[in-house]
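These are the residues of each chain, in order.
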Amino acid sequence: MVAQQGLAHAETIVKSHFGEIVSKVVGCLLHRGSLALPEIVRFVRLPPPQVRSSLLVLIQHNCVQAFSIERPAAGLGGAIRNVTQYTALFYNILQRMRFTKFSAIVNADLGEQCEYLLDGLLQHGRLTFDQLAVRVTLKHPGGSSSVEQQVTIAAAVSHAERFCEIPDMGTNTIPNVKVTDHSPGVSVGDKRKRKAREVDNDGQATIAESEFLWRANFEKFVCCLKKKACVEHIKSRSGPNAGIVLEAMIESNHEQKAKDNNSVMSSMDDILEGVKVKPGGSSMTLENVRKILVEELGCRLSDEETEALHTINLKNIIETCQNDEVEALVVKRYGDEARRIFTLLAKKGIYENDQIHNAALLEKTKTEGILYKFWKDDYLDMKRAISSEDGRQKHNFLWKMNKSVISEHILNDMYHAAINLSQRATHMIEEDPELFAPYQNLPEAQRKLKIAQQTRWIVLLYSLSKIDDGLMLFLDF
Amino acid sequence: MASSSKLPQKRKQPDSNNILLKLSADERKLYELIESRKNVGIWTADMKRETGLPQTIVTKVLKSLQNKNLIKDVVNIHNKAKKIFMASKYEPSKEISGGLWYTPEGNLDILFINTLKDQCLRYVDRVKVATVETIWGFMKDLEVNEQKLFTVQPTTQQITEILDMLVLDKGLEVLKSSGTGDFARVAPGKVCYRRLKSHEDQTGALASIPCGVCPRISECTPDGIISPITCVYFNKWLGIDF
Numbered sequence: 001m002v003a004q005q006g007l008a009h010a011e012t013i014v015k016s017h018f019g020e021i022v023s024k025v026v027g028c029l030l031h032r033g034s035l036a037l038p039e040i041v042r043f044v045r046l047p048p049p050q051v052r053s054s055l056l057v058l059i060q061h062n063c064v065q066a067f068s069i070e071r072p073a074a075g076l077g078g079a080i081r082n083v084t085q086y087t088a089l090f091y092n093i094l095q096r097m098r099f100t101k102f103s104a105i106v107n108a109d110l111g112e113q114c115e116y117l118l119d120g121l122l123q124h125g126r127l128t129f130d131q132l133a134v135r136v137t138l139k140h141p142g143g144s145s146s147v148e149q150q151v152t153i154a155a156a157v158s159h160a161e162r163f164c165e166i167p168d169m170g171t172n173t174i175p176n177v178k179v180t181d182h183s184p185g186v187s188v189g190d191k192r193k194r195k196a197r198e199v200d201n202d203g204q205a206t207i208a209e210s211e212f213l214w215r216a217n218f219e220k221f222v223c224c225l226k227k228k229a230c231v232e233h234i235k236s237r238s239g240p241n242a243g244i245v246l247e248a249m250i251e252s253n254h255e256q257k258a259k260d261n262n263s264v265m266s267s268m269d270d271i272l273e274g275v276k277v278k279p280g281g282s283s284m285t286l287e288n289v290r291k292i293l294v295e296e297l298g299c300r301l302s303d304e305e306t307e308a309l310h311t312i313n314l315k316n317i318i319e320t321c322q323n324d325e326v327e328a329l330v331v332k333r334y335g336d337e338a339r340r341i342f343t344l345l346a347k348k349g350i351y352e353n354d355q356i357h358n359a360a361l362l363e364k365t366k367t368e369g370i371l372y373k374f375w376k377d378d379y380l381d382m383k384r385a386i387s388s389e390d391g392r393q394k395h396n397f398l399w400k401m402n403k404s405v406i407s408e409h410i411l412n413d414m415y416h417a418a419i420n421l422s423q424r425a426t427h428m429i430e431e432d433p434e435l436f437a438p439y440q441n442l443p444e445a446q447r448k449l450k451i452a453q454q455t456r457w458i459v460l461l462y463s464l465s466k467i468d469d470g471l472m473l474f475l476d477f
Numbered sequence: 478m479a480s481s482s483k484l485p486q487k488r489k490q491p492d493s494n495n496i497l498l499k500l501s502a503d504e505r506k507l508y509e510l511i512e513s514r515k516n517v518g519i520w521t522a523d524m525k526r527e528t529g530l531p532q533t534i535v536t537k538v539l540k541s542l543q544n545k546n547l548i549k550d551v552v553n554i555h556n557k558a559k560k561i562f563m564a565s566k567y568e569p570s571k572e573i574s575g576g577l578w579y580t581p582e583g584n585l586d587i588l589f590i591n592t593l594k595d596q597c598l599r600y601v602d603r604v605k606v607a608t609v610e611t612i613w614g615f616m617k618d619l620e621v622n623e624q625k626l627f628t629v630q631p632t633t634q635q636i637t638e639i640l641d642m643l644v645l646d647k648g649l650e651v652l653k654s655s656g657t658g659d660f661a662r663v664a665p666g667k668v669c670y671r672r673l674k675s676h677e678d679q680t681g682a683l684a685s686i687p688c689g690v691c692p693r694i695s696e697c698t699p700d701g702i703i704s705p706i707t708c709v710y711f712n713k714w715l716g717i718d719f
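Chains A and B, in that order, are what the protein sequence lines are. The first sequence maps to residues 1 to 477 in the numbering used here. The second sequence maps to residues 478 to 719 in the numbering used here.
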């Protein structure tokens, strides 16, 4: 179940990208689940054409999915009829925060031209091949003879497999509009069809039913970001060389097609080859790489039929990243000694008071104070145990960490923080719409003020991006 | 000739049975009760309950037994206000005294713990990979200004506990030796400790912004009295005067 703040966060993203009306529609779907058009109209209290347009925008941008279900029609003697329901795609909405990260990946991996194509897909949700070609033409006027060739190269199958997806034509885009015509409670008639057609003309009419549509493959991008996060973590923990080795290992992964993208398996030859082409990797010897694989990355060596492969599970690295995030918060909220207790309780098991203060080498009263704070904030489960000693009852407390509850709390707080940061950043722009206008001609005092405000805005956006990294750590990786 | 009887003789230990014979009935009753509790001792209130003697008598008798060196009072680390008595011939159990990490006054020996902690980290920094035994060997010979750093040599058990605590603090990591590279001096498969890098500069995404530690986060709403637009913590964080 998605946390309440998560739904609010998704609504905020849609509001900032598509405006108030669309965010109302998506908010209704996020909070109430799958609904048919008349139900949405009833809940959001907006004119049906506005709701319909909003749904089309959301479908175009992969934020809402339409699907058809069979329902007994009222007053028709138990007859079954098809009803179109709309459901919000929460995780796809969250991906909208990461578009700049996706573009940066494509730029680094495939070049500027591919980044431009991807930007088109991210801006417009889904595009036909022709629409993509037009974008390239506009970008490079005069080179029309090779435009098609350029698009074909940029969207070649290997790249498409990595970063693009062909949406299911049966339920999305134009067919959605047609299915909507059969929704209960909406009169089926020429007028209604004409309205639907008007919506089509706004941007969809050029798409033929038989044509393929392209959209960004968010899953693959998240996978790339996950690998990047793993490499960054290893770099900070074990040094830049270990980061280079892990990166080379991931890139030469023998298990790339496997569904489980946590397992990375690579031969020494492939790793060495990858390391040599990395900046700073050319000076690394076989012995260096072997030492890093065994001592820093803790790789296992598995014997395949043809060659020995080094294996690492990225899930363990991600778990360490998650623990680091939670522990950093514990240190900030409760102090260093509390983190000691927290790390102890993070190991599986149930602990008594005495066990905890003995292992943490802390005063008993101090330990109890910290445990109480953790318990009050729902970090721990506590049970009272009564034992009998010398005929007298002895009370003790047993403590256990509930990791899933902690993750939920952290996620909820992260959503809340993301809402706050984006609201504050939006407020700054609303207060001063010319925040990023040229300031060279302004007096010295005003210029300084403007620079300070711009810095604040950048700090907010940077923090928002970091919070989004944190969200991915707990949600997507 | 000097007879053997003139040689210095070891002073005869007082026979507790003889002493007991000289005690009054109340004293004997209370002493036997305290002695029966061995190294755990007994609380004065429990004495009163079990012997049925009034408070004044119990206090008087306890004082008399202490003067005769038959009993001693010990500090219970779990409850310092709870006065516990124990026969002089016993040493208080770990449950009562807290063990090696506690001073005779019943306080945690923070200075000793911190010194041991610092020395362990310093040694691991120097040798990169260390075992409990190598650290213990280092501590044994450790001198400051030509004087032993520790008046009482820490045991291997104490060093293990300190190392485990440092692992919890993320100062060290525990792993098994591979027998190669940095681990060459440690037998393969043996448990050893290594410094955990990049711990200090680690800042979580949520911990680095005010919302992560905000005590009012549950009351914060976009249009509420507490909101990110009017938030004083945000103002302070962004360096805005308020």
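Take the hints with a grain of salt, since some may be wrong.
What the hints assert, rightly or not - When the alpha-carbon atoms are kept at most 30 Å apart in a straight line, the in silico BS3-like pairs for lysine-lysine are as follows: (1) K674(B) - K466(A); (2) K366(A) - K594(B); (3) K594(B) - K291(A); (4) K347(A) - K549(B); (5) K559(B) - K291(A); (6) K15(A) - K450(A); (7) K364(A) - K647(B); (8) K653(B) - K373(A); (9) K466(A) - K557(B); (10) K653(B) - K394(A); (11) K348(A) - K560(B); (12) K653(B) - K366(A); (13) K373(A) - K594(B); (14) K617(B) - K394(A); (15) K450(A) - K466(A); (16) K235(A) - K276(A); (17) K617(B) - K674(B); (18) K394(A) - K506(B); (19) K559(B) - K332(A); (20) K653(B) - K348(A); (21) K466(A) - K332(A); (22) K315(A) - K667(B); (23) K571(B) - K400(A); (24) K549(B) - K348(A); (25) K347(A) - K667(B); (26) K235(A) - K15(A).
Unchecked claim - Here are a few chain A residues that sit away from chain B, every Cβ distance over 12 Å (derived from the structure): (27) Q60; (28) E70; (29) R71; (30) N261; (31) R290; (32) K315; (33) T343; (34) K348; (35) W375.
Keep in mind the hints are simulated off the structure, nothing from the lab. For each residue, glycine too, the CB sits at the ideal point set by N, CA and C.
Taking the hints in turn, this is what the structure says about them:
no., hint, result
1, K674(B) - K466(A), "holds, 22 Å"
2, K366(A) - K594(B), "holds, 19 Å"
3, K594(B) - K291(A), "holds, 29 Å"
4, K347(A) - K549(B), "violated, 41 Å"
5, K559(B) - K291(A), "violated, 57 Å"
6, K15(A) - K450(A), "holds, 27 Å"
7, K364(A) - K647(B), "holds, 22 Å"
8, K653(B) - K373(A), "violated, 35 Å"
9, K466(A) - K557(B), "violated, 48 Å"
10, K653(B) - K394(A), "violated, 40 Å"
11, K348(A) - K560(B), "violated, 37 Å"
12, K653(B) - K366(A), "violated, 33 Å"
13, K373(A) - K594(B), "holds, 26 Å"
14, K617(B) - K394(A), "violated, 41 Å"
15, K450(A) - K466(A), "holds, 24 Å"
16, K235(A) - K276(A), "holds, 17 Å"
17, K617(B) - K674(B), "holds, 27 Å"
18, K394(A) - K506(B), "holds, 27 Å"
19, K559(B) - K332(A), "violated, 36 Å"
20, K653(B) - K348(A), "holds, 20 Å"
21, K466(A) - K332(A), "holds, 17 Å"
22, K315(A) - K667(B), "holds, 26 Å"
23, K571(B) - K400(A), "holds, 25 Å"
24, K549(B) - K348(A), "violated, 42 Å"
25, K347(A) - K667(B), "holds, 22 Å"
26, K235(A) - K15(A), "violated, 37 Å"
27, Q60, "holds, 27 Å"
28, E70, "holds, 40 Å"
29, R71, "holds, 37 Å"
30, N261, "holds, 23 Å"
31, R290, "violated, 9 Å"
32, K315, "holds, 19 Å"
33, T343, "violated, 5 Å"
34, K348, "holds, 15 Å"
35, W375, "holds, 17 Å"
Comparing the model with each numbered hint stated earlier shows that hints 4, 5, 8, 9, 10, 11, 12, 14, 19, 24, 26, 31 and 33 do not hold.
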